[in-house]
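For the protein sequence lines, the chains are A and B, in the order given. Counting in this note's numbering, the first sequence runs from -11 upward without gaps. Counting in this note's numbering, the second sequence runs from 282 upward without gaps.
No lab work stands behind these hints: they were computed from the structure. Please read these numbers as outputs of a predicted model, since none were measured by experiment. Treat the hints loosely; a few may be bogus.
Unchecked claim - Stretches of chain A that chain B covers, calculated by requiring three or more beta carbons in the stretch to come under 8 Å of a beta carbon on chain B: (1) 17 to 24; (2) 35 to 48; (3) 63 to 69.
C-beta atoms are modelled at their ideal positions from N, C-alpha and C, and glycine is treated no differently.
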Amino acid sequence: MSTHKHHHSGECKELLGQLSDYIDGELEAAICAEIEAHLAQCHDCRVLVDTTRKTVLLYRQKEQENELKLSPDITSRLWTALENEDCITPNSD
Amino acid sequence: MNQNEETLVQALHRGDRYACNDLVEQYSSKIYHVALKLTGHPTEAEEILQETFINACKGAEKFEGRSSLGTWLYRIATNNGLMRLRKKQMPTVPLEMPVDREDQSSFWPRQLEDWAWDPEKITLTDELRQAMDEAVETLPENLRAVFVLRDLEGLSTKEAAEVLGISASNAKVRLHRARLMLREALAGYFHEQSNGGANHYEHA
Chain A
-11 MSTHKHHHSG ECKELLGQLS DYIDGELEAA ICAEIEAHLA QCHDCRVLVD
39 TTRKTVLLYR QKEQENELKL SPDITSRLWT ALENEDCITP NSD
Chain B
282 MNQNEETLVQ ALHRGDRYAC NDLVEQYSSK IYHVALKLTG HPTEAEEILQ
332 ETFINACKGA EKFEGRSSLG TWLYRIATNN GLMRLRKKQM PTVPLEMPVD
382 REDQSSFWPR QLEDWAWDPE KITLTDELRQ AMDEAVETLP ENLRAVFVLR
432 DLEGLSTKEA AEVLGISASN AKVRLHRARL MLREALAGYF HEQSNGGANH
482 YEHA
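I would like the entire structure built from these sequences, with the hints used as guidance.
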């Protein structure tokens, strides 16, 4: 398996620390410009940024596929539990 | 708080049982799904769902309105989920985790191969979904909680920090570390897949 042969330069360390903020678009333009100048000449950091961004996108994509509505069984058991604990008015569903 | 929420909170404080019904209608799906992502177990998620609403409806007077109702419910559910994970002796990262962003030595990326695909053009397979779920389950609980709230539930950094009772900067560091660990896990998965020749994703 290929491993990181990076020399861990100061710029690479700095990028690693700011990676999430960079991906989330939370950094100031001047800092983004510095990062982009570093990325232009550092292959490993380019791969790191790209694969981290893809990781977040994959999870968001998977999340969008999820069924948001609760199943009737779960809902029914929740109402029963709340009725048993005298939290709600009966026959709510 | 908007006006509807304020009205609901006032009704909850009065012990109005219909208000509890409304609370369940509005938030039960979100609470179940955050519990499921946190624990990875449908049965536990359902227990957390029930316990969260029983606690919220019975202890509505404890809600002081300093956060939104949703954040308050997330906090009850997340604390419940974290307690369960701790009982299972999940690996943990100390609560007083340093927020020094230069101190990333244990999070240095090990695998730096290109993933030569476009995320917008792939269809997730069951195998990849499973690898993604397993990767989340390997996260220490307090990194997992931030990742679930922030990246999966879409809460802001400030909201996720409020739910967990930590500072926003600590939430950012935890999210960052969670993402790096997940990236590493998926890099391992993609590496094995490309070497094994299996088709881990399909182009749409």
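Status of each hint after checking the structure:
1. 17 to 24: violated (count 0)
2. 35 to 48: The restraint on the region 35 to 48 of chain A holds, since 12 of its residues have a Cβ under 8 Å from chain B and three suffice.
3. 63 to 69: Coverage by chain B holds here, the residue count being 5 at a Cβ distance below 8 Å.
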